[in-house]
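Chains A and B, in that order, give the protein sequences.
Heads up, the first sequence is in the numbering used here, so the first residue is 564 and it goes up one at a time.
Heads up, the second sequence is in the numbering used here, so the first residue is 74 and it goes up one at a time.
These aren't lab readings, by the way, just hints derived from the structure by calculation.
This structure is a prediction, so every number in the text was calculated from the model and none was measured.
Be aware that a few hints might be false.
Claimed, not checked - A few chain B residues facing chain A, derived, Cβ under 7 Å:
no.	residue
1	Val195
2	Ala264
3	Asp265
4	Ile266
Unchecked claim - Here are the computed distance ranges between Cβ atoms for each label pair:
no.	chain 1	residue 1	chain 2	residue 2	range
5	B	Met125	A	Gly585	45 to 53 Å
6	A	Gln691	B	Asp159	14 to 22 Å
7	A	Leu649	B	Ala94	47 to 55 Å
8	B	Val237	A	Ser635	33 to 41 Å
9	B	Ser154	A	Leu649	55 to 63 Å
10	A	Met564	B	Ala244	40 to 48 Å
We put the beta carbon where it would ideally sit given N, CA and C, even for glycine.
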Amino acid sequence: MTVRPVLRLPEPVLKEVAQPVGPVDDDARRLAEDLVDTMRASPACVGLAAPQIGVARRAFAMDVTGHRKARSCHGLLVLFDPEVLLAHGPVVAREGCMSVPELTGDVARASLLVVRGTAPDCTDRVLQVDAFEARAVLHEIDHLDGLLFLDRVVSADGVFPRKVYR
Amino acid sequence: MECAKRTNEVEHYGPGVAHLAISAIGSDRPGIVAAVSGVLVRLGCNLEDTSMSLLRGHFAMMLVVSGPDDLAAELLEQDLSAATADLGLLVAVRAIDDEVPAGPPGELWTVSVYGADQPGIVHRVTTLLAEEGANIADLTTRVIGDPARPVYAMILDVTVPPGVDGGELVARLSTLAGELGVECSAHRSEADIL
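One chain only, chain B, in its complex shape (with noise of 0.2 Å):
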């Protein structure tokens, strides 16, 4: 249903469809994506990756959408803030390239960090992983626990390239979390395919 739906909707806009980079985030309340998704159906774009969430209270959102290509981005970010103004959403939108890279090869892991909050653990492991060539393809952080002794927690999928020995990166982790005091752990999430 998806595909015919798009389809239909390509051959609506005809030749020229370009694609846009939009971010926006609120206050947490109802009806923010149906705000935003509403202006968006009405300028005739299509959503396509989108990743959206609740982020200590504010409502954060990142979308990639095409549309016709004769819609400039300042226009949308225009129309998109005027729509949502009473929702007080921080609205931003950019042409991106139409072409999408390849991910780098390699094989899926995925890490936990978790342990006493301090300043920069994100940069520290996010460092090493960029040495060894470890391409982030998602991160998520919360601060959990009570607020006197806070907790911070970050989970990381992440491509290891050919060449990196999986098990010797997470060795190093391991060391890294030592050093920060933080606990580490990671595993294959290759998914099984049934």
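Just chain A, with the same shape it has in the complex (with noise of 0.2 Å):
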């Protein structure tokens, strides 16, 4: 089990496109593994992008389970090279993210996606989600486009502090 520093801003990498995972090889399900085990470590952490971790690597790991706002739940989800074949239904509402920890902000994001990529297993997943899970797909995306929240936020007045609880 590797649980890996999680980035934040400013370090580069996290502004970074990132490179195709392409044939999925020992390096690809050890990113996996890790990533999946450093999005475990932290509770409130529903999705967490390579870049992140600090590989600049198309590659995603995200949970939604339990999660008060999901509807389309697949469970533990690792995605290489994912591509949004279909969105409808931008809905506007708040996020933030471990490597901008200090804000969180009003993001418009599509709410129903057909998402397609590889899983660790090299099986091709066509996966269709909405709402919360949608949400979470596109953050994550995001992040391998070199894209933030803060990169979307709907206006000036839509960031906001974010409160940490302990």
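Could you fit the two chains together into a complex? Lean on the hints.
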């Protein structure tokens, strides 16, 4: 089990466009394990993208199980080279990010998606996700394109200091 | 990038860095922020937390800046006023404590109150919140709609302290809104950390 540090702004890797994973190899599988271990280590975290642990590859882990805003729920999900095939119905909601821990922001995101990617077991996955799971997928894919929620806040008054609970 | 820049500037200041609070308001026009920030840059100040908004045709600025600890608030106020004389800005500067107090603990709620404009909406709502120990983190009000039938809209971000039931607080707010004849809604505004 490897829990890696979650990088924060201004780490340059967070603003890079990540490179495709391509054929799944041992490195990719290790990356998947590290993403899941690191995500699990932070109870509030429902998703983590590879650049957040310093790896500029197109991979993320997520799990919205039990989240009160979730409708669709595919459980623990790791996707390599994800792409959005269809997106519909933007909804504004407030989100935060472990890489920008001091702030949150109101962001409009599609509430229904079809997304395709490769799982660590090399299977091709095509998933329909909605509501909170769709928001999480789009947030993580943004990380793979070097985008943070700060790049998408709906207006200047849509950014808020984040309350950190201990 | 921002952190690196800030670190360099702090090193440039040396050990003596102090914080100043600046407020400025004036009729809106292009160039206000550029003029004010130009003075601040020239005097070695760094804009930290700021809030700037257009309020009914007036541009209002509230800034907390760090700067050399030998920079007197009175001097900065004079300098800002002189440099923005043609903009007609009303400027005030005061030194503030360098310590940043931690906000009170609690649960974040967003409260919306809106309806026919009348005296006392803000006072009565905020008095109720204060009685409950709720702390206002952000408050915005706007008078909107037809001038013949103005609608008052107020949005608050509030920290509800531990031990206070957010649902009961909302119920009290709703009762008050009923007395005032305005609408009130509230929801938890915790962000989803992704």
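Here is how each hint holds up against the structure:
Among the interface hints, the one on Val195(B) is violated; its C-beta lies about 18 Å from the nearest C-beta in chain A, farther than the 7 Å criterion. The interface hint given for Ala264(B) is met, as the beta carbon of that residue sits about 4 Å from the closest beta carbon of chain A, less than 7 Å. Annotation: interface hint on Asp265(B) holds; nearest CB of chain A at approximately 5 Å, less than 7 Å. Because the smallest distance between the Cβ of Ile266(B) and any Cβ of chain A comes to about 4 Å, under 7 Å, the interface hint for this residue holds.
One distance hint, 45 to 53 Å for the beta-carbon pair Met125(B) and Gly585(A), holds here, with the actual separation near 47 Å. As the Cβ distance of Gln691(A) to Asp159(B) is approximately 59 Å, the hint placing it in 14 to 22 Å is violated. A beta carbon spacing of about 50 Å between Leu649(A) and Ala94(B) agrees with the range 47 to 55 Å that was offered as a hint. Look at Val237(B) against Ser635(A): about 35 Å separates their beta carbons, and that is inside 33 to 41 Å.
Restraint check, Ser154(B) to Leu649(A): a C-beta distance of roughly 57 Å satisfies the suggested window 55 to 63 Å. Range check, Met564(A) to Ala244(B): Cβ separation about 46 Å, and the 40 to 48 Å hint holds.
Consistency with the previously given hints fails for numbers 1 and 6, ordered from lowest to highest.
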